[in-house]
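Number of protein chains: 4
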Amino acid sequence: MIIVMQKGATSRQISHVIARVEQLGRQVHLSEGEERTVIGVLGEGRPLDEEQFGRIEGVEQIVPIVSPFKLASRDFRPQDTLVALNGIKAGGKRVVIIAGPCAVENREQLLETAYAVKEAGATVLRGGAFKPRTSPYSFQGLGFEGLKLLAEAREATGLLVVTEVISPETVPLVSTYADILQVGARNMQNYALLHAVGEAHKPVILKRGMMCTMKELLMSAEYILSHGNDRLILCERGIRTFEPYTRNTLDINAVPMLQELTHLPVFVDPSHGTGKWSLVGPIARAALAAGADGLMIEVHPNPEEALSDGVQSLKLERFARLMGELRAVAGAVGRSI
Amino acid sequence: MIIVMQKGATSRQISHVIARVEQLGRQVHLSEGEERTVIGVLGEGRPLDEEQFGRIEGVEQIVPIVSPFKLASRDFRPQDTLVALNGIKAGGKRVVIIAGPCAVENREQLLETAYAVKEAGATVLRGGAFKPRTSPYSFQGLGFEGLKLLAEAREATGLLVVTEVISPETVPLVSTYADILQVGARNMQNYALLHAVGEAHKPVILKRGMMCTMKELLMSAEYILSHGNDRLILCERGIRTFEPYTRNTLDINAVPMLQELTHLPVFVDPSHGTGKWSLVGPIARAALAAGADGLMIEVHPNPEEALSDGVQSLKLERFARLMGELRAVAGAVGRSI
Amino acid sequence: MIIVMQKGATSRQISHVIARVEQLGRQVHLSEGEERTVIGVLGEGRPLDEEQFGRIEGVEQIVPIVSPFKLASRDFRPQDTLVALNGIKAGGKRVVIIAGPCAVENREQLLETAYAVKEAGATVLRGGAFKPRTSPYSFQGLGFEGLKLLAEAREATGLLVVTEVISPETVPLVSTYADILQVGARNMQNYALLHAVGEAHKPVILKRGMMCTMKELLMSAEYILSHGNDRLILCERGIRTFEPYTRNTLDINAVPMLQELTHLPVFVDPSHGTGKWSLVGPIARAALAAGADGLMIEVHPNPEEALSDGVQSLKLERFARLMGELRAVAGAVGRSI
Amino acid sequence: MIIVMQKGATSRQISHVIARVEQLGRQVHLSEGEERTVIGVLGEGRPLDEEQFGRIEGVEQIVPIVSPFKLASRDFRPQDTLVALNGIKAGGKRVVIIAGPCAVENREQLLETAYAVKEAGATVLRGGAFKPRTSPYSFQGLGFEGLKLLAEAREATGLLVVTEVISPETVPLVSTYADILQVGARNMQNYALLHAVGEAHKPVILKRGMMCTMKELLMSAEYILSHGNDRLILCERGIRTFEPYTRNTLDINAVPMLQELTHLPVFVDPSHGTGKWSLVGPIARAALAAGADGLMIEVHPNPEEALSDGVQSLKLERFARLMGELRAVAGAVGRSI
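Residue numbers (the numbering used here), protein chains in the order written: chain A, 67 to 403; chain B, 67 to 403; chain C, 67 to 403; chain D, 67 to 403.
One thing to keep in mind: the hints can contain errors.
Identical copies go unnamed one by one, so any copy, or any two together, can satisfy a pair.
[Claimed, not checked] Straight-line alpha carbon distances no greater than 27 Å define the calculated DSSO-like cross-link-like pairs of lysine-lysine that follow: (1) LYS281 x LYS184; (2) LYS73 x LYS214; (3) LYS214 x LYS281; (4) LYS136 x LYS184; (5) LYS214 x LYS184; (6) LYS136 x LYS214; (7) LYS73 x LYS136; (8) LYS342 x LYS155; (9) LYS268 x LYS73; (10) LYS214 x LYS342; (11) LYS184 x LYS155; (12) LYS73 x LYS281; (13) LYS381 x LYS73; (14) LYS342 x LYS136; (15) LYS73 x LYS184; (16) LYS268 x LYS214; (17) LYS159 x LYS136.
Note that these hints are calculated values from the structure, not bench results.
One chain only, chain A, in its complex shape (with noise of 0.2 Å):
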């Protein structure tokens, strides 16, 4: 931590700063600089709030060096995190494909889909049995009814089953169900929710919030890890701009930026990322080209009927025709579906 003093804080105001920093067991390293004065905190220690240093009297600035996440962070374990799906690994050479409805809405809609995205080459099913809707008069899913669904088409075809968990209680119930837990973009500083999933048993894709920083998205992260789950994957899906012609703004370049920030593997969702179905095979293939090292993709066998996002939802023939479109982009990067 650099602390900045303002331009003419006076030597009783330093001498304060200092003493409070030796207080806590670190030395400090004084700069006299042509209009301010600034003050390096070192020693080794658990981090100093900072949030305080920045309200003493005569403080101008504090400039943080040490990353405010450790557990998520590269610095603290360079090498990549290899996420095991039983036997798929996200985060490695081959990207993982989620794909599914946007809501589970009868056997029939997810058993169709649930065979037909197999077929194409998924390797995941997704599909919402609660779900967080922003009017209180919307379809808000099928709850446990159709967290069975789920289980059953897993049993059907072989998927994995990825679906969302919207509050602290039903973790247990969802975690008996599926096989991985997404916390929704909604619910992505809900942090009774991350404490509940960080000691789950079962792997995490946590969604950026539509309006939170990749460092709070990190954050969010690191009190997943801290409670003990690193099972853990990061998924940007859009964030909100003053763009309306798109319902978000893929956020393109966290893909890179996240990989070199953490070690954690990085998924993207071109159908929340665009909101217009027309736009998610150029988006899909655009983020696998950025190195994403995986999709969630919503598909539906008719999204004219779908009872939540349809807008946004492939067709089950043109996710078909997409995975072979992926699978050459995929090629072209070193990594394979």
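Since chain A is already given, all that's left is putting chains B, C and D on it; use the hints.
Frame of chain A, contents of chains B, C and D only:
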């Protein structure tokens, strides 16, 4: 709802849309324009699913005519809602001032603050017992102990008490100690929590998420109202923008804009809305001048030592001085404190 | 400037950085921390190029200590700048009210407005002669004819006149007709234009770009100041955010924040800042309460017929009524109109 | 255009709107809904002024049906426009690679770069002679001298040359030296400049402003097209968001979205779009995979010494290696380089 067909939509596509509208018991009204056909949907009943129509082939755009929130809308209830908080009525001529520390830290801190803000003219004491924090390594609040201290401060001073609920399970417990429940910005779209406070028998302050539109705030209000709780207050607390000098950008436009859209009282939190104590005074004055029905201000006897958000907290004397300024501004716009 | 080296930077990389700093006549101050080495740069002279140092191998981060704007900064000039506009002084106790139509449309419209705003208490008349418009098919202003009408309105009413310059070539012409030059939001980073108004002999109002930070606004101010024109007023007029209910989000925080950072007067334009006439009154009051030194308000005798931005214009009577409200708020914060 | 009247609009207000529509030679089509009356406007002619109708009393909302840009729209011209750049055709199967330094600094730097990028397979050389810079204290470009060096590099290598125009007066001069004119992001809404390049006899690359929507980009394209220049290429170069880890957020969605909306070629600048050289490679690959018709990449023989934007420039060898990767990705999506 108005359905705009694509340029070149076929008459088969148009007939298909019309058939679906009529199937749902509505009538259509067809306009064939120079380039596009436009289908107006008429007749009473529950709102049609706009998204679902948006995905029918040949449809370019859906234009909602009726607002998606009913109970929260002025269309539904033109006169202002007054929310009774014991003797006080939020939404009336008298502005409600809520003040107190970000987090309850200990008995002395809370009582000293409570007496001071009471003396200065506040009517509600704020203080977090359960704290949602970005980092797992930051202070997470005193929990149950904090609730008991808040209740003690109420007994001692006669102030009402507001504190945050962070998960559905904490709602009953918090309701037995606090007079008003607060749903924090990060939980504005935590639907399980909205459901729980919608069934609670306490007034609720719902803070706007830093990444949420006014429409989404009103949709979240709709969740609470539709579960039966109509003692609801909205609170603008700053949104996230590209501007880094301030922690958030207080959306002052939201005060009069929300008051046009809804009958619910609108409060402002200038402390989180700026993130900087030196801006709190000017922005608190601005909020009153814009017509805010209440203010929520962070006050701490010793901000430098605060365990949370001290950088935006006012000292006790400064708050007392600000109250004088606020009385003058309230008077200038026909309100009182 | 502080140079933070990467974790694991080699001693050869560190020596290289030190050598470059010393080559430029500065001294270094070395702190070797637990994880990273930090190099403080000391000594006087013109600012080093931070970006250039940022690209040296082994460098992680550059922390600027001295603000990048000198002439605009309060560090450089602690006392408020008063900008003389004939008899009036912007930045003093008396608030400056600028009012008038978005665009000059014809003689009748302009004179009727000028007499009305003068009568209501405004001291400056606004009106666009050259209009930057998003669409090539919209009304682009009366040009030279508009300037002559503005001059005529000044003669008739005694109001000062402000109008926009949209390219360097128009600066001399506009300067012979107008009392104050306005640089519009879309031109805030049109450096050729900033250069030209920096050499003009007229006061300038520089509007903040709708997606420019306060720092960028102050850098653009620096362009004007460094070319010799110090009669400069800044104007907040709303920034672009994700919120669609209002055309822009008025950044009310910018008023006190800019006043901390700079000695220049800060005005507010509630008309563009909201884009909706019904919000103009509340936001104008809020701006004064936050400490704005002036307001710029769109007024039109018949907004429905306005050729530009009528949706945010006040009718003449409504403006007169608002002036009464503004006088009350100004009084409450120790200012006058 | 569809005009939605407010709930409770009077029949006098409705008649008034109808009268105004008919006055302009159009027909109306009336739908009286459960809550609101909706007026459809029919008939051919030049677009009505939506904003003007939006301010008529009793009107709640105007819904545009026809896109506000005509010449740039696919509605107007369904087939792709191929922009001839000497032998090459932008918008065709072959992807155009533009490479070179941010700024022309001297003869050696420019020629070394030109030979290297030619050798690696680029077909156009970029290099700024006139540089718009945020700070008045930064390097502003070599000006005329830079243009002559660019022309010399063209003679030497056979590469085409693109450089930025920053004001209308510079357009004729730059046109005599460069093969392609670039309008930079900060000038995307400098309408005087758009007018000037619209009348120039050179192809134009129009960069999206970092604060501008796709619709605004297409409106600016419309300015150029409507002044007669249809050799126009659009370029996505990153937008401003709340994310601080990257300088801009490259809007990858804009590539397929713009290609749906317009017939013009769409290029991507991954250097400005990320602001960080280590991200340029992955994002360049992503842009091709998403369907970009060209790339614009900053390359410098010694980025550490670059006078402008070196932090996002690739070294010569790294660029050559990237070209290999780009060929593989282009092949995977049916394009070539």
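Going back to the hint list, which numbers does this structure go against? Per hint list: 1, 2, 3, 4, 6, 8, 9, 10 and 15 violated.
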